[in-house]
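Engineer: So the chains spell out like this:
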Amino acid sequence: MRNTLAIARKELSIYFTTPWAWVVFTAMVGITAFFFVGSLSFFRTINELARNMGWARMPGEYQSFKNLTDGVIAPLWGVMIVITAIVAPILSMRLFAEEKRNKTFELLMTAPVRPIEIVLGKYLGGLVIVTTTLGLTILFPLILSLYGKSESGSALEWSTILLGYLGVLLYGASCLAVGMFVSSLTESQMLAGVITIIVMLALLLVKGLTQTADEPLRSIMGYLSFDTQLQNLMKGVLDLKAIVYVASISVFFIFLTHRSVEAQRWS
Amino acid sequence: MAMIEVKGLTKRYRDRVAVDGLSFEVGEGEILGFLGPNGAGKSTTMKILTGFLPASEGTAKVAGFDVFEAPMEVKRRIGYLPETPPLYAEMTVKAYLHFVATLKGVPRAQLKSELERVATRCGLLHVMGRVIQNLSKGYRQRVGIAQALLGSPPVLILDEPTEGLDPAQRAEVRQLAGKHTVILSTHILPEVQMTCQKVLILNQGKLVAYDEIHRLAQNAAQPGAAEPSLEEVFIKLTAA
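The listed protein sequences correspond, in order, to chains A and B. Heads up, the first sequence is in our numbering, so the first residue is 1 and it goes up one at a time. Heads up, the second sequence is in our numbering, so the first residue is 1 and it goes up one at a time.
These are computed hints drawn from the structure, not numbers from a lab. Possibly wrong hints are sitting among the right ones.
[As the list claims (entries may be wrong)] As a list, the in silico BS3-like pairs of lysine-lysine whose alpha-carbon atoms are at most 30 Å apart:
| # | chain 1 | residue 1 | chain 2 | residue 2 |
| --- | --- | --- | --- | --- |
| 1 | B | Lys-137 | B | Lys-179 |
| 2 | A | Lys-100 | B | Lys-137 |
| 3 | B | Lys-61 | A | Lys-100 |
| 4 | B | Lys-7 | A | Lys-103 |
| 5 | B | Lys-179 | B | Lys-94 |
| 6 | B | Lys-179 | A | Lys-103 |
| 7 | B | Lys-206 | A | Lys-103 |
| 8 | B | Lys-198 | B | Lys-61 |
| 9 | B | Lys-137 | A | Lys-103 |
| 10 | B | Lys-179 | B | Lys-198 |
| 11 | B | Lys-7 | B | Lys-179 |
| 12 | B | Lys-94 | B | Lys-112 |
| 13 | B | Lys-7 | B | Lys-198 |
| 14 | A | Lys-103 | B | Lys-236 |
| 15 | A | Lys-235 | A | Lys-66 |
| 16 | B | Lys-94 | A | Lys-100 |
| 17 | A | Lys-100 | B | Lys-206 |
| 18 | A | Lys-103 | B | Lys-112 |
| 19 | B | Lys-112 | B | Lys-137 |
| 20 | B | Lys-61 | A | Lys-103 |
[To be verified] Which stretches of chain A does chain B cover? Using the computed rule of at least three CB atoms under 8 Å from a CB of chain B, they are:
| # | stretch |
| --- | --- |
| 21 | 2-13 |
| 22 | 157-171 |
[Claimed, not checked] Which chain B residues stay away from chain A? Per the calculated CB distances, all over 12 Å, these:
| # | residue |
| --- | --- |
| 23 | Val-127 |
| 24 | Tyr-139 |
| 25 | Gly-164 |
| 26 | Arg-170 |
| 27 | Ile-188 |
| 28 | Leu-189 |
| 29 | Met-194 |
| 30 | Asn-203 |
| 31 | Asp-211 |
| 32 | Arg-215 |
| 33 | Asn-219 |
| 34 | Ser-229 |
Because the structure is a prediction, the values reported are computed rather than measured. Every residue, glycine too, gets a C-beta built ideally from N, C-alpha and C.
Please put together the full structure from these sequences, using the hints given.
Structural biologist: Written out as structure tokens, the structure reads:
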């Protein structure tokens, strides 16, 4: 436990002394802010239109613009997930590849530390940065709850928002686990980063690619797609199946990373 | 009892044999010098002893524990300086040593005094706050040595510890012997003569000489000629 925390702290101190943490924070908040402004003005236009025509005569897909949570925040999660698919691999790519290239891996492997402690320490360090990166965007719901109004009490449904954030966070955690595993296979950070980004984007898009596929391929691919799995959480439904699916991806890749580090002792 | 016991150690990389049937023993408190031309298998042997690489055949024991069967027990007893000092360039010397001391299980209450002890010994006290990246090669090497000394392990395995050090610093490294059992590799032969009681000369993965220094010279002496220097012995043995 002490070793795990020591390694996590070391990872954190390196993320913060190199510009990586700051670059990632800025990218996430900056890009999300851009979409937040866009999403907000679109919400305003739709609501003005609805006030003139009445909600009953509005097309079905505009019904989600009745409230700020579904109309403004939910679309932001989609954006945040795509940013996470790019940013989390950038954070995870150095975890093992850098140690191997700089020969510091030898220090970790010859210190009285178990491989699982190394893997968990590194994962924990990365997870703190990913959580912080996503956590910073809570700024946007906060702005809405301060300045927004709703006919029925509170401007936002916080239960939906928390579930949505849980979904995005679980997604970030699994990106990190996949990225850590890829990083443990190579000495090249660049290679680890690029491969992970490709894998994560492919898993996001796999549903779109199989729209025209036959059953049962279509259901299987749809089930594997993060996009489908996260849909319910983002609508504010406590979907345990989705939580288990996304969390088990993290656990599986942490396990694979452990195997990969342990294999060093046998090769 | 032998502190380090190596029997029939062999390491193969696909079709290349890096270490071939190596056997030797190092008694407690002894200092063994590893000699050999580049690529002779010195570093590989050290990596196997520290548990970083597995052997293809043979066994290695440290303080009675098999390196492969009981890696944690072995790792707890070894301070290791690899060929390239394993440093995190972004950290300060102090933060780095603190991190390594924690990994080595130095109790929290003793961390500060242990860091101070090692830093004093390696002449690092005035650079503790500096970022490792900005240190000269010699100082980086010293940080590497300091890292190996943390927690006073009974066995030290040092891969070219005097590389990049000035003569005064080298003399300091020689003082490290004493209560540790040490294996060190070096290219500087006079260094070995001053520091080690025994030497082990490797050539192409095979042991070509393993003896006390003065006997090595005696054995190699031609009848009637003067006793050869260690350098002459080394060149003769590794020429084959």
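Engineer: Can we confirm that no CB of chain A comes within 12 Å of the CB of B:Arg-170?
Structural biologist: holds (23 Å)
Engineer: Would you mind confirming whether the straight-line C-alpha gap from B:Lys-61 to A:Lys-103 stays at or under 30 Å?
Structural biologist: holds (24 Å)
Engineer: When you look at the beta carbon of B:Met-194, is every beta carbon of chain A farther off than 12 Å?
Structural biologist: Correct as stated: the minimum Cβ-Cβ distance to chain A is 27 Å, above 12 Å.
Engineer: Taking 30 Å as the top limit, are the C-alpha atoms of B:Lys-94 and A:Lys-100 close enough?
Structural biologist: holds (23 Å)
Engineer: Check the hint pairing B:Lys-198 with B:Lys-61 against an upper bound of 30 Å on the C-alpha distance.
Structural biologist: holds (19 Å)
Engineer: Against chain A, does B:Ile-188 hold up as non-interface, every C-beta pair farther apart than 12 Å?
Structural biologist: Holds, because the least Cβ-Cβ distance between B:Ile-188 and chain A comes to about 22 Å, which exceeds 12 Å.
Engineer: Given the hinted pair A:Lys-100 and B:Lys-137, is their alpha-carbon gap at most 30 Å?
Structural biologist: Answer holds: A:Lys-100 to B:Lys-137 is near 20 Å, not above 30 Å.
Engineer: Hinted pair, alpha-carbon criterion (30 Å max): B:Lys-137, A:Lys-103. Please report holds or violated.
Structural biologist: holds (16 Å)
Engineer: Measure nothing beyond the straight line between the CA atoms of B:Lys-7 and A:Lys-103; if it is 30 Å or shorter, mark the hint as holding.
Structural biologist: holds (28 Å)
Engineer: Can you confirm whether the C-alpha distance between B:Lys-179 and B:Lys-94 stays at or below 30 Å?
Structural biologist: Roughly 25 Å between the alpha carbons, so the hint for B:Lys-179 and B:Lys-94 holds.
Engineer: Please settle this one: B:Val-127 was flagged as non-interface, so is its CB more than 12 Å from every CB on chain A?
Structural biologist: Check passes; 17 Å lies beyond 12 Å.
Engineer: Using Cβ atoms and 12 Å as the threshold, tell me whether B:Asn-219 really stays out of contact range of chain A.
Structural biologist: holds (35 Å)
Against the hints set out earlier in the document, violations occur for numbers 14 and 22.
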